[in-house]
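Since each chain comes alone in its own frame, lean on the hints to assemble the complex.
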Amino acid sequence: MTSLQDVLQELVATVDRPDEVALEDFVGRYPQFAAELTDFAVEWVLQETLEEEEPADAADASAVPEAMAHFRETLRETLAERQASTADPFADRSPAELARIAGALSIDKTILAKLRDRKIVAETVPDTLLEGLCGELAIQPQVMAAHLAAPARLHAGVSFKAAAPPRSGPKETFAEAVRRSTLAAEDKSRWLAD
Amino acid sequence: MGSAILERAVEPLTRTTASGESLRRPVRIEAEIAAALDLDPRRIMACARAEPGTEDHMSEECIVHLIRRDLRGGSRQLAERLLPVLLTRCEVGLRRTVRGFDPAPAAEVREEVLGRLAVSLAEPGDAADFFEVRFALALKRLRIDVCRRQRRHEERLVALDEDDDSESAVSELDRRLPVAADQEDMVLLRQALATLSEEERKVLVLHRLAGVPMSSSAPRAATLVNLLGRSERTVRNRLRSAEAKLQTFGKKTGREEGT
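Protein sequences appear in the order of chains V and R. Using numbering that gives the first Met the number 0, read the first sequence as starting at 0 and increasing by one per residue. Using numbering that gives the first Met the number 0, read the second sequence as starting at 0 and increasing by one per residue.
Calculated directly from the structure, the hints in this document are not laboratory data. Source: prediction; values computed, not measured. We treat Cβ as the ideally placed atom computed from N, Cα and C, and that holds for glycine. There may be inaccurate statements among the hints.
Stated by the list, open to error - Chain R side only, calculated, beta carbon under 7 Å to chain V, not exhaustive:
1) Thr16
2) Glu110
3) Leu113
4) Val118
5) Lys139
6) Arg140
7) Val204
8) Leu208
9) Val211
10) Ala221
Looking at chain R on its own, in the form it has when it is part of the complex (with noise of 0.2 Å):
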């Protein structure tokens, strides 16, 4: 009984990437699939709920494979009881990634990466083929994509409320860059990239942490100026203001260069 017949074998992805190339599952993903094609629905929940190491431990891409597979075969029952398992998972890793954000709207960022996921995996077609594939990089890409999206939105709310510069609260990123060492610096430095503008932030952290250089003589080359459509006299301008505030900071806060 059922409908094992509308589907058996594990179906190949159809997705191809930016690039053009056809998406396939690593052979191991494809084996532990095959092999949970085998087990009734209690033992696949089992597999699922096993803690990371054990050797019942089921992976996410073959979670995620079983789930899309119920859906595509007419049913839901497994991927209404699989899901959260996956989505709990995914949960407790973006309680450590999702990082600079204030509590709240980083419960926001946790939710809508969580909701988008969810509903990725339910809709047709083969968007989400990617999480079959490498499930731990196409989550970080859908976290930072809704971090990204998150900042701005803030950045927003703030430009609304706030029109007195000097109000802003300042860091002491420069001399914190480029890794903070400790909670205290991690807090000061949240809240500095939370008050330099949307510009300012763009340019000190391509600048000074992905190395990406002012200008350039050639036309096409990644540089601040091409990137953010700006001249460079505009940029150095950011980055100087941004700058300014990192020192004005360090003054209010006291906390001087080796405290």
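In isolation and in its complexed conformation, chain V is listed as follows (with noise of 0.2 Å):
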């Protein structure tokens, strides 16, 4: 279905200034549209009628830190919807299948079981590794960044019974994951000179 911002968009592309012929010719194809179409058009119009107006002072407060603090919440919004409509890569995975995994990607569980809780800075995961886990779970690359980029997740067993809800602690890159493993020093040498 078009959207107004599309019409608005292709109107604003298509003429240099709003007239009869540009309102009869996007009012007649959106006529859905012709109140809002009207009202862009006589602001448009106002708008550049007053283009000689003196300049905003440049001293004045900067919009750009509240602009920011949109954009973050935006953010935050859209992790959390994504977190709960995209379904979990390792669900329904037995343990003895991570362990199969684990082996098959060299690792050991503890850091298959840290990707799992998102708890490492998913841009620090090799590329290779992150390749065979997307082979492995058959999964999209885009379904496993955006199962890594999300908050770490908190074990089940965390109680509320603090003052304030629990909160995920910060997340550890690849290397300091490897550092912690129970992998043999061979293999962690060969993970850590990736």
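See below:
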């Protein structure tokens, strides 16, 4: 379904300034937006007519910090929605299967569990491991990216007895996870060299 | 190391225009993005901050792509650094292009435009695709849309506060149109526009500035009667009322024709 914003965008991209011809064309094609198109055209003509007005004082407070706050809030909301709607790529994997996957990828179960629980910074995970993980779990890279980018998962046993709800702690890098793992020294060295 | 495997190529846009055409970036933008993907973050930031006209200057379309790409890849580090640069560029432009408001509401408009731009880039989906095609036009659409909403908001406030038409300021719009000549004219014009009723302003602007006729024998023509859904008599009354205010204002301010 055509959105109002797409229609307004097409109007702006099509004409230099709205006039009778443009309005007739657009209102004819998108009669459901006739009122909005008319409003928009009026405002556009006003803005063009007032073109010589003195610019606002550059010393006025910047609106950039406020916009960045909106940006971060939207990202938080998007992430929460994604978490709620995206299937967990590790869901329904038995401990035995996770152990097999860990073995196939030459990592230990601790590292795999941290990847499952999103406790490792996504950008620090080697490409080869990501590729292997996506292959073993039969998922697209974007699904794994979304999974790893989400906040770290809390254990189900964590209770809410504290004054404030529990929050996930900071994530560790892949290198830190390797150093803390039970991998053999030579395997650690190989991953750390990647 | 990193999430480079997650996305490598310059992804095509998926949005279609209102008339059903697929959006495509201009060739020069595609080339600029492809080149930018080989740059390290420090170099990208340097190009984003480079002055317009310099060789390194990065286009807004390219910056938007890099922000959205970073977010799609599951990161936000580069996006967090690039977005303030983009918003600052926009804010500089908006200080010139948001017109017809007093300083406080003009600042609100700028804040709203930047906020909506930031949110649209943060949201998943392809609604912000046009910002990667012709950023200036996408921002123009956003600016005008926010301006019209702000003006309607102000009108509602005025309608609540005012019940005495005689106290309404009026303008000398009639002798200033179609092109106001100097700063003083602009201030007068802005004052006038703020005090005409919504319908008076629409009739005046559409008829006098956009050349929209009063009525037509063609049933689907873009006329004031059709666009506003009013009778011709009502529309003529609105126009007459607006013009009466113009004349009154000319007398009140003592700014006669030619002064």
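Hint by hint, work out which the structure violates, then give me just those numbers in ascending order. Every hint satisfied by this model.
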